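Engineer: Throw the hints in and build the complete structure from the sequences for me.
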Amino acid sequence: MLCLLFFLVTAIHAELCQPDGENAFKVRLSIRTALGDNAYAWDTNEEYLFKAMVAFSMRKVPNRETTEISHVLVCNVTQRVSFWFVVTDPLKNHTLPAVEVQTAIRMNRNRINGAFFLNDQTLEFLKIPSTLAPPTDPSVPIWIIIFGVIFCIVIVAVMLLILSGIRQRRRMSKGPTEMDDSEDKCENMITIENGIPCDPLDTKGGHINDAFMTEDERLTPL
Amino acid sequence: MVRLVLPNPGLEDRIPSLDQLESIEAKEAGSRPQWDNKAQYMLTCVGFCVGLGNVWRFPYLCQSHGGGAFMIPFLILLVVEGIPLLHLEFAIGQRLRKGSVGVWSSIHPALKGVGIASMFVSFMVGLYYNTIIAWVMWYFFNSFQDPLPWSECPLNANRTGYVEECARSSSVDYFWYRETLNISTSISDSGSVQWWVLLCLTCAWSVLYVCTIRGIETTGKAVYVTSTLPYLVLTIFLIRGLTLKGATNGIVFLFTPNVTELANPVTWLDAGAQVFYSFSLAFGGLISFSSYNSVHNNCERDSVIVSVINGFTSVYAATVVYSIIGFRATERFDDCFNTNILTLINGFDLPEGNVTQENFAEVQQWFNATEPEAYAKLHFQTCDMNSFLSEGVEGTGLAFIVFTEAITKMPVSPLWSVLFFIMLFCLGLSSMFGNMEGVVVPLQDLKIIPEKWPKELLTGLICLGTYLIAFIFTLNSGQYWLSLLDSYAGSIPLLIIAFCEMFAVVYVYGVDRFNRDIEFMIGHKPNIFWQVTWRVVSPLLMLVIFLFFFVVKVNEELIYSVWDPAYEEFPKSQKVTYPGWVYAVVVIVAGVPCLAIPGFAIYKLIRNRCQRRGDRQGLVSRVSTTSINGDLKY
Numbered sequence: 001m002l003c004l005l006f007f008l009v010t011a012i013h014a015e016l017c018q019p020d021g022e023n024a025f026k027v028r029l030s031i032r033t034a035l036g037d038n039a040y041a042w043d044t045n046e047e048y049l050f051k052a053m054v055a056f057s058m059r060k061v062p063n064r065e066t067t068e069i070s071h072v073l074v075c076n077v078t079q080r081v082s083f084w085f086v087v088t089d090p091l092k093n094h095t096l097p098a099v100e101v102q103t104a105i106r107m108n109r110n111r112i113n114g115a116f117f118l119n120d121q122t123l124e125f126l127k128i129p130s131t132l133a134p135p136t137d138p139s140v141p142i143w144i145i146i147f148g149v150i151f152c153i154v155i156v157a158v159m160l161l162i163l164s165g166i167r168q169r170r171r172m173s174k175g176p177t178e179m180d181d182s183e184d185k186c187e188n189m190i191t192i193e194n195g196i197p198c199d200p201l202d203t204k205g206g207h208i209n210d211a212f213m214t215e216d217e218r219l220t221p222l
Numbered sequence: 001m002v003r004l005v006l007p008n009p010g011l012e013d014r015i016p017s018l019d020q021l022e023s024i025e026a027k028e029a030g031s032r033p034q035w036d037n038k039a040q041y042m043l044t045c046v047g048f049c050v051g052l053g054n055v056w057r058f059p060y061l062c063q064s065h066g067g068g069a070f071m072i073p074f075l076i077l078l079v080v081e082g083i084p085l086l087h088l089e090f091a092i093g094q095r096l097r098k099g100s101v102g103v104w105s106s107i108h109p110a111l112k113g114v115g116i117a118s119m120f121v122s123f124m125v126g127l128y129y130n131t132i133i134a135w136v137m138w139y140f141f142n143s144f145q146d147p148l149p150w151s152e153c154p155l156n157a158n159r160t161g162y163v164e165e166c167a168r169s170s171s172v173d174y175f176w177y178r179e180t181l182n183i184s185t186s187i188s189d190s191g192s193v194q195w196w197v198l199l200c201l202t203c204a205w206s207v208l209y210v211c212t213i214r215g216i217e218t219t220g221k222a223v224y225v226t227s228t229l230p231y232l233v234l235t236i237f238l239i240r241g242l243t244l245k246g247a248t249n250g251i252v253f254l255f256t257p258n259v260t261e262l263a264n265p266v267t268w269l270d271a272g273a274q275v276f277y278s279f280s281l282a283f284g285g286l287i288s289f290s291s292y293n294s295v296h297n298n299c300e301r302d303s304v305i306v307s308v309i310n311g312f313t314s315v316y317a318a319t320v321v322y323s324i325i326g327f328r329a330t331e332r333f334d335d336c337f338n339t340n341i342l343t344l345i346n347g348f349d350l351p352e353g354n355v356t357q358e359n360f361a362e363v364q365q366w367f368n369a370t371e372p373e374a375y376a377k378l379h380f381q382t383c384d385m386n387s388f389l390s391e392g393v394e395g396t397g398l399a400f401i402v403f404t405e406a407i408t409k410m411p412v413s414p415l416w417s418v419l420f421f422i423m424l425f426c427l428g429l430s431s432m433f434g435n436m437e438g439v440v441v442p443l444q445d446l447k448i449i450p451e452k453w454p455k456e457l458l459t460g461l462i463c464l465g466t467y468l469i470a471f472i473f474t475l476n477s478g479q480y481w482l483s484l485l486d487s488y489a490g491s492i493p494l495l496i497i498a499f500c501e502m503f504a505v506v507y508v509y510g511v512d513r514f515n516r517d518i519e520f521m522i523g524h525k526p527n528i529f530w531q532v533t534w535r536v537v538s539p540l541l542m543l544v545i546f547l548f549f550f551v552v553k554v555n556e557e558l559i560y561s562v563w564d565p566a567y568e569e570f571p572k573s574q575k576v577t578y579p580g581w582v583y584a585v586v587v588i589v590a591g592v593p594c595l596a597i598p599g600f601a602i603y604k605l606i607r608n609r610c611q612r613r614g615d616r617q618g619l620v621s622r623v624s625t626t627s628i629n630g631d632l633k634y
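Residue numbers (the working numbering), protein chains in the order written: chain L, 1 to 222; chain D, 1 to 634.
Calculated from the structure, these hints are not laboratory results. In this text the structure is predicted, and so the values were computed from the model without any measurement. Be a bit skeptical, because a hint or two may be false.
Stated by the list, open to error - Dumping the calculated DSSO-like pairs for lysine-lysine here, alpha-carbon to alpha-carbon at most 27 Å:
#1 D:Lys525 <-> D:Lys38
#2 D:Lys27 <-> D:Lys447
#3 L:Lys127 <-> L:Lys92
#4 L:Lys60 <-> L:Lys92
#5 L:Lys26 <-> D:Lys377
#6 D:Lys27 <-> L:Lys174
#7 D:Lys27 <-> D:Lys455
#8 L:Lys26 <-> L:Lys92
#9 D:Lys572 <-> D:Lys553
#10 D:Lys452 <-> L:Lys174
#11 L:Lys174 <-> D:Lys455
#12 D:Lys377 <-> L:Lys127
To be verified - Far from chain L by the CB rule (all over 12 Å, computed), these chain D residues:
#13 Asp36
#14 Ala69
#15 Leu75
#16 Ala263
#17 Thr396
#18 Tyr507
#19 Thr577
#20 Tyr578
#21 Gln611
We put the CB at the ideal spot given by N, CA and C, even for glycine.
Structural biologist: This is the structure we're talking about:
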């Protein structure tokens, strides 16, 4: 009699947890991708931990605080490591709705990931989408700060160069006017006709003929 | 030897004689700008020649025209086309000691149009080139964060997934086309000014203004950084690149020679065009720069050195670029393969690590044979290394899409991103110095600007004016306008100007006189190589390249690539024909500089005729000019 009951229970269990069963979810772990050489082997103890995490997540849902580890059924474990699981109600005759399980898993995803040293990509719950991390938006975009710095430096440089240019020009215009007088200027004005310098007719006497003059003597020394 | 020289009366009066040259140099020491030392001059010329094209045009040409075999036409044309033209520009500038307008009008007044054409072309190219620098600055500003903004797609409104446009293309594509350009779907759809691009444009023009505010006085200091930094960064990238997995794949792909390409005339045409544009000839900037040299500067040696450096930089940059591209292609290939492996493992619940890249094919076959129905449900991607290596690798696509993606896969990405964009910025800025010189000095020579105006004001006005016109590139359709100008403003007119330059120097100025000048300046007569190339080979090559280009450009349909999320084959670019009014724009942009040459000659002819009718003293063609302190003013 007891044997028959036992077989019945396992048969019902087997029916509840099936690949593509009602309210069943497939889980896929990529332990070696995540941990490389530190990868642990997937055995029944790890399965037990998994069932515990799912039960823990379900207990956080209102009205499901009494979920036990034995209510979580795992089946079809493959070498990949992938398996299907369902969560049954305390009477073990039907599975809990997928929506509840989904909400529970989503809310505690980080805890479940952490228990196995995995992340959203290496511990996949197929059909349970993970919430994407919100982007970190600083209040002032960084590029504006960099732009502001460089632009200010450039404006300051422009101001400095323009001011120094004005100062230089003022100094130069003050300098020559103190040294030359207008007479000197007239003396050095040479009319060029057809590329040949002509002697101006109204210069003072004693003006040296340019044609025979060398460079250095063009300006009469003081 | 062809001894053909066109009659050129009055040439002696317009140019300083050889005896006067040294005295002029001494007199000019105060008023005319001068290089502080030879290094500044060389760095400025190298900076002008070495530009963005060396990084993003040459590697693509090299790889698409037979890899290592492309070096042959490139080097041959470098020697017979690039070096002679460069030597010619250096020598004529140094001899006549004027900017481009001054030089050509000294050779013959009717040739002033050549200088004016150079000025127009420099202006147009400067207009869009600085916009590219603005984009580079945008990426530079955005590089100071980890993770880089183009490494991840942004989330959509309800945080359930990525933005659709980004998910369908890629995060780097999305960042370039949407977050940087915010591109529209056609050139007619102008949209509005994108404020962030405008800010970067303002910054770019301000930096340019700071560096060129007093002409070569400030430029000469700036080139110490802008011309040397790219080489440093290229070396750093080379070392980093060679240590990355898959770099050698890229370099092998680049240099694998395919000798059959040499029989293809397009290869030679592209090599010739690349040599020509890479040397920044016919812009007028080089003539101007060399006019500030001392009279006895060895321009022959300078031209050879600059050419060699330019060629070397092209090859070096190509190596660096393709080592990084090889890394990216290998990463993509590995990702693609691993996705396939994962599909297979997940499909048949195999343990991890059982299927690797080596046994993937046989495992695939085994499952196809044993479980065909289950196998048929699986969807595998095709992973082809060659297609990854030859993806969109020229122009802005290389810098802002392919390279940025490669950088996101490298460790410490912000550092590499900052370095890369600083390098592009310096390369672009040093080329802009030459463009500005090619605009400012002709305006001064044309005497449009009053003499009293200080140089700072003139440079400022030119920068401001060009900046305002460049607003068009900050619109949603800005990138389409830029590609349009890039294709037509800088190609045909430059070839015509270069041909006219050679013709003017060899046949109007007289190659004998030119030889004597060079002998005076550097001490020995140019040897037979220069004679042959100047008189025959180079003008012929220019003519051939120009004719080919002209025929190709005129015959091709005016189409452009458009980024349209509504396109069926998105993320591929859609090829669309230009609207009708674009033809008018092309004609103006390409035609005005070209027509300036004959136009000015005709104008001068008509003016001479009119003047001669009203002028009783027909023999005297020169006007009396006053000279103060002996400075001859023409």
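Engineer: Look at each hint and say if it fits the structure.
Structural biologist: These are the hints, each one checked on the structure:
1. Taking the CA atoms of Lys525 (chain D) and Lys38 (chain D), the gap is near 23 Å; set against the 27 Å cutoff, the hint holds.
2. Taken as a hint, the Lys27 (chain D) and Lys447 (chain D) pair is honoured in the structure, with Cα atoms around 21 Å apart against an allowance of 27 Å.
3. Our distance criterion of 27 Å between C-alpha atoms is met by Lys127 (chain L) and Lys92 (chain L), whose separation comes to about 24 Å.
4. Distance hint between Lys60 (chain L) and Lys92 (chain L) is fulfilled; the C-alpha atoms sit about 20 Å from each other, no more than 27 Å.
5. Simply put, Lys26 (chain L) and Lys377 (chain D) have alpha-carbon atoms about 18 Å apart, close enough for the 27 Å limit, and the pair holds.
6. As the CA atoms of Lys27 (chain D) and Lys174 (chain L) are separated by approximately 21 Å, the hinted pair is consistent with the 27 Å bound.
7. Of the pairs offered as hints, the one joining Lys27 (chain D) and Lys455 (chain D) holds, with about 20 Å between alpha carbons and a cut-off of 27 Å not exceeded.
8. Of the pairs offered as hints, the one joining Lys26 (chain L) and Lys92 (chain L) holds, with about 20 Å between alpha carbons and a cut-off of 27 Å not exceeded.
9. About 24 Å separates the Cα atoms of Lys572 (chain D) and Lys553 (chain D), which keeps this hinted pair within 27 Å; it holds.
10. Note on Lys452 (chain D) and Lys174 (chain L): the hinted pairing holds, with a Cα-Cα distance of about 16 Å set against a maximum of 27 Å.
11. Of the supplied pair hints, the one linking Lys174 (chain L) and Lys455 (chain D) holds, its CA atoms being roughly 19 Å apart against a limit of 27 Å.
12. Of the supplied pair hints, the one linking Lys377 (chain D) and Lys127 (chain L) holds, its CA atoms being roughly 18 Å apart against a limit of 27 Å.
13. Every Cβ of chain L is farther than 12 Å from the Cβ of Asp36 (chain D); the closest lies at roughly 17 Å, confirming the non-interface assignment.
14. Its beta-carbon lying about 43 Å from the closest one in chain L, Ala69 (chain D) satisfies the requirement of being farther than 12 Å from that chain.
15. The Cβ of Leu75 (chain D) lies farther than 12 Å from every Cβ of chain L, with a closest approach of about 40 Å, so its non-interface assignment holds.
16. A cut-off of 12 Å between C-beta atoms confirms that Ala263 (chain D) is not in contact with chain L; the least separation is 49 Å.
17. Distance check for Thr396 (chain D) against chain L: the nearest CB is about 19 Å away, which clears 12 Å, and the non-interface claim stands.
18. Every beta carbon of chain L lies more than 12 Å from that of Tyr507 (chain D), the smallest distance being close to 24 Å; the non-interface claim holds.
19. The non-interface label for Thr577 (chain D) is consistent with chain L: the shortest C-beta to C-beta separation is roughly 36 Å, beyond 12 Å.
20. Residue-level check passed: Tyr578 (chain D) sits 33 Å from the nearest beta carbon of chain L, beyond 12 Å.
21. Listed as a non-interface residue, Gln611 (chain D) keeps its Cβ farther than 12 Å from every Cβ of chain L; the least gap is roughly 16 Å.
Consistency note: the structure conflicts with none of the earlier hints.
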